[in-house]
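Asks: Protein sequence lines, in the order shown, are assigned to chains P, R, S and D. So for the first sequence, our numbering puts the first residue at 160; every next one is plus one. So for the second sequence, our numbering puts the first residue at 160; every next one is plus one. So for the third sequence, our numbering puts the first residue at 16; every next one is plus one. So for the fourth sequence, our numbering puts the first residue at 16; every next one is plus one.
Treat the hints with care, as some may be off.
As the list claims (entries may be wrong) - Sample of chain R residues facing chain P (criterion: CB under 10 Å; computed from the structure):
#1 174
#2 175
#3 177
#4 212
#5 261
#6 338
#7 346
#8 366
#9 373
#10 392
#11 394
Unchecked claim - Just a few of them, taken from the derived set where beta-carbon distance is under 8 Å, the chain D residues facing chain R:
#12 30
#13 72
#14 175
#15 222
Honestly, the hints are just simulated from the structure, not real lab data. The beta-carbon is built from N, C-alpha and C at its ideal position, and this holds for glycine as well.
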Amino acid sequence: MRIPLLNASGCLDALTAPTVASQLDAFVTKTVTPLPREGNPPPRIAESDAGMLNSIGLQNPGIDAFVHDTLPRIAELAVPIWVSVGGFAASDYSEVCERLDDEPSVDVVELNLSCPNVEEAAESVTELVAAARAVTTKPLYAKLSPATWDVAESARAVEAAGADGLSLVNTIRGLTLDAGTRRPSLGRGVGGYSGPALRPIALACVHACAEAVAVPIVGMGGVTSADHVLDLVAVGASGVALGTILFSDPWAPRRIRAELDGSTTATGVPSERRIHDFVPETTPRRRSSAK
Amino acid sequence: MRIPLLNASGCLDALTAPTVASQLDAFVTKTVTPLPREGNPPPRIAESDAGMLNSIGLQNPGIDAFVHDTLPRIAELAVPIWVSVGGFAASDYSEVCERLDDEPSVDVVELNLSCPNVEEAAESVTELVAAARAVTTKPLYAKLSPATWDVAESARAVEAAGADGLSLVNTIRGLTLDAGTRRPSLGRGVGGYSGPALRPIALACVHACAEAVAVPIVGMGGVTSADHVLDLVAVGASGVALGTILFSDPWAPRRIRAELDGSTTATGVPSERRIHDFVPETTPRRRSSAK
Amino acid sequence: MPCDTVSLGGREARRERLDVLGAEQIGPYTLLRLERGELEPGVPGQFFMLEAPGRPLPRPMSLCQAPPGGLTFLLEPVGPGTRSLCSLRPGDAIHVLGPLGNGFDLDVQSPLLVGGGVGIAPLPYLAEALGDPPALLGFRSDRHAEVACLLPDAEVVVEPRLVTDLLPDDPGDVLACGPEPMLEAVRRRASGAQLAWEAPMACGYGACYGCVVEVGGRYRRLCIDGPVLRDVA
Amino acid sequence: MPCDTVSLGGREARRERLDVLGAEQIGPYTLLRLERGELEPGVPGQFFMLEAPGRPLPRPMSLCQAPPGGLTFLLEPVGPGTRSLCSLRPGDAIHVLGPLGNGFDLDVQSPLLVGGGVGIAPLPYLAEALGDPPALLGFRSDRHAEVACLLPDAEVVVEPRLVTDLLPDDPGDVLACGPEPMLEAVRRRASGAQLAWEAPMACGYGACYGCVVEVGGRYRRLCIDGPVLRDVA
Ligand SMILES: Cc1cc2nc3c(=O)[nH]c(=O)nc-3n(C[C@H](O)[C@H](O)[C@H](O)COP(=O)(O)OP(=O)(O)OC[C@H]3O[C@@H](n4cnc5c(N)ncnc54)[C@H](O)[C@@H]3O)c2cc1C
Ligand SMILES: Cc1cc2nc3c(=O)[nH]c(=O)nc-3n(C[C@H](O)[C@H](O)[C@H](O)COP(=O)(O)OP(=O)(O)OC[C@H]3O[C@@H](n4cnc5c(N)ncnc54)[C@H](O)[C@@H]3O)c2cc1C
Ligand SMILES: Cc1cc2nc3c(=O)[nH]c(=O)nc-3n(C[C@H](O)[C@H](O)[C@H](O)COP(=O)(O)O)c2cc1C
Ligand SMILES: Cc1cc2nc3c(=O)[nH]c(=O)nc-3n(C[C@H](O)[C@H](O)[C@H](O)COP(=O)(O)O)c2cc1C
Ligand code: FES
Ligand code: FES
């Protein structure tokens, strides 16, 4: 089985790095919200010994500009498109999902239910998924946070609410201080912690959810090599997304694909569940452009 | 202000390393439960690139043997004693706390509300704290998990339920696979993730809770140097516990104390709140032996 | 795959593992000489992302000199990443991505280079491209000022004197790089100046939105809209 | 504070940063020679916790030889920790804690040493203490068997032959170290044998409860109750 490789939302801009995006089995957009957002004040990036913090805060042009300007240009790359959707209330999620439902170039909608860099929605993740489900026929992936005592419980709940798959995991809240001043390094104070340090946490979440639900899982968190991809697949992921590694190595998708192709290692038990749009024989791909 | 240094529960045995325990401002015991526990099957230890996993599972002799055999021997060290208390129901916590209330050598009771290596109690952390509070006059510290979307909310709840302080943070669930077999490295599968990788997460939790509650906080998570101690103090900790570092460097308490004494760096704003039993002038220490 | 091209808004950057040819101490700075591989040196003011061994993220560095077959960077050890880079030795090799971003616009009438501290890094390569125009350099201390040897004809001041004290009333086409307060002061004195700004960067090619600066009331990515900006409003 | 004593149940261990004197390749193994510092070599079968540079946890290693002024370890690179240790070179230094645990009981009548693979590590030092008793060694391949040079008088077998095939019917006082299946086989053939077991260890001094093995139906910490156990039930 060919293991699909995606980018993690917010970790690649297909328009500034089209040759990188073209290497992926699907391109996942940065999270889109109903209205344009400027995001959080800088500094937005800090490093720790084994990972990084970000406090971007969902900077994005809003759904109008996204649909009119961004989406048609991404669609030219002829890579399956997953659009990440965010918001601050169930109505935000349903508004954006409804708009995307009319866009044939959108293959999958990923619901970002877990951004640590913005105020959370008052509704539970289940209600947010249900709100999205009510307005779209697109495959829906629910992206969950590792910052929960029992992630399998959330997984079961969003599956019951109509999610077609899970994206695991988002960043977890972290803080670093400036060495000189001992003030938070980031303008916003806390940020989302990603990279190698997150890997054991991500593996534990995917492992727990794969046992709890039947829908496919896109695993992510600190992946930097084919070995890490195979680890996620061994615990139940059907596809793997690359995040922080793209910042230091934009060619990681191609490098890791080559490592996977050359790998003679047993991949564990590759998951039976297939993630959406990598099965053209069963789900005919809609590739008509949105332009 | 002298910053109190403790060990993290489960990371030092005062009986096998008395000279190390003597260097501390307080010794924290491994978590004690009502009945003896053998703990989880081995392997119980695994390493990741930036931390470690453990699945000890609260191996301990039970409260009877603890009070009769262990406690009197620890008390000989003449170091303030914090006893970590765990269980699987509110009644477990109240049973152990009630027993300890009669023991003059116990200075503080730390409620382990967050062990990722055992089945959790059905009751909420608030109910567990309330159950303990009802039966003991000892200072009560509530030890919380970082695996929660809003740790400040839990902090407020346990403060309201009668906690005199917080211990932040426990380990977070993680998983590593054996490189050869891609099966979980630990006998139990998942384990608790600790060490350097946890540091930014711990800092974020202490930071969030210090703004939410008035009680003192013992910070911990990946501390290996005086710099890390000062970081935790800068975000609001009144004392700092050393965990995983003790495994590679049993003399870390003395080394870090020396680093702190030699440090000319501003410590940020040292917390006004004082942790229990480091203020002999206001709280006369009871040092009568339990033997 | 020794060398890969990344299209960035139509322009090309490459990533390659480059051998360290030398690392020379100048005052508190290190001049790191790498082989060039198949990388282009780019336009002065463009930058490269240098792998900092042992650190999760690469570090943005302006090209300082482009000797034949080489790429030279001037580094100030201010934190874990730059310390890691400053400890590289011949025999080591690091991944380098670039050139990235917008360099200086070289179509200027009467160029005047202004640099402060490690901000002089891009000026030697820039001076070469512009035929050694006049340059004003400011430093924190005499020890820091040793690095002025990279621009032998420059006028040099050491604190408490500031480089802006040397700016003539009509400074012409100023091209400046240095700490933020210096750039702000230059901007007030020389409208239309080309200023090379800094921000923490994770990717350097527009992927992370980490490096934003406010330009005209909106957050723009410094790595692709800069780092050289003309007269930031 | 170059050297610190830790009391462990009345016994003393020290921790010190020791220089690497040499690292010699023998077949797939590395013989790592450290200076001794103020550390005691301890009883054969005791172990030391060696800092593995770049890894969060130290690694338990049996003392292999105790030359004057030195401590020598035999290492098999099986994972990140041992690979890090095997790449040490003169000029490097690592923290070492020890000696730890219970070594072999040397009060034996007719000792017979049995070792398999890297499990022969403690035998050279043990052989020296017991006056070169007979020894049986088993290895996976001829290349692995090269390391038998550390016990020149030993009988050596290579798979598919097993070291237990050589055990006499009345083997006397067996002192053995090797992979778990070998120890189990030795135990069945030689009751009362002293066996040196292994388990992943985080601390080596009883602090973590990570290294437990079942002894008599209960989990005991191998680092302080072992690693040498007599006839584990
Ligand atoms: C386009 C560009 C070109 C650069 N060219 C050079 C160069 O030629 N030579 C050189 O020595 N440095 C240059 N820098 C700055 C250099 O990238 C930072 O000093 C470095 O990333 C700091 O990493 P660190 O781990 O050593 O320190 P950190 O611990 O990350 O930071 C130490 C201090 O510097 C601040 N800081 C961190 N990153 C930056 C940054 N990118 N800009 C401003 N402040 C920062 C932090 O807030 C902190 O106060 C450049 C930066 C940019 C954006
Ligand atoms: C008391 C004692 C003495 C030892 N003496 C020596 C010695 O003299 N020379 C030597 O080369 N090795 C010795 N070992 C084993 C050595 O400690 C391990 O091989 C090492 O810790 C593995 O670390 P790693 O990161 O290289 O591999 P890891 O990635 O940690 O492990 C690789 C494989 O080895 C297994 N493993 C890990 N640690 C141990 C362990 N402690 N025991 C058994 N299996 C393990 C893992 O499950 C995995 O399958 C000793 C172990 C103990 C407990
Ligand atoms: C700079 C940055 C921006 C991110 N933006 C988003 C986002 O907009 N939406 C989202 O769902 N996740 C976002 N994430 C989280 C990633 O998609 C991913 O879940 C996380 O980084 C873990 O993977 P990694 O360790 O491989 O980076 C972002 C992560 C980073 C580092
Ligand atoms: C081996 C091990 C055993 C632990 N046992 C306990 C325990 O019994 N009770 C408890 O409250 N925490 C326990 N912890 C958690 C630590 O007390 C501490 O919260 C955590 O390890 C984070 O600190 P560190 O990163 O400095 O290790 C244990 C941690 C480790 C590594
Ligand atoms: S550094 Fe990543 S967008 Fe500019
Ligand atoms: S290794 Fe820690 S108790 Fe044995």
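Asks: Hint by hint, say whether it matches the structure.
Replies: Cross-check of the supplied hints:
1. 174: 31 Å, violated
2. 175: 28 Å, violated
3. 177: 32 Å, violated
4. 212: Holds. Min distance 6 Å.
5. 261: Cβ of residue 261 of chain R sits 33 Å from chain P, so the hint is violated.
6. 338: For residue 338 of chain R, the interface hint holds, since the closest Cβ of chain P sits about 8 Å away, which is under 10 Å.
7. 346: 15 Å, violated
8. 366: Nearest chain P Cβ about 5 Å off; hint holds.
9. 373: 20 Å, violated
10. 392: 9 Å, holds
11. 394: 7 Å, holds
12. 30: This interface hint holds because 6 Å falls under the 8 Å limit.
13. 72: 5 Å, holds
14. 175: 22 Å, violated
15. 222: 5 Å, holds
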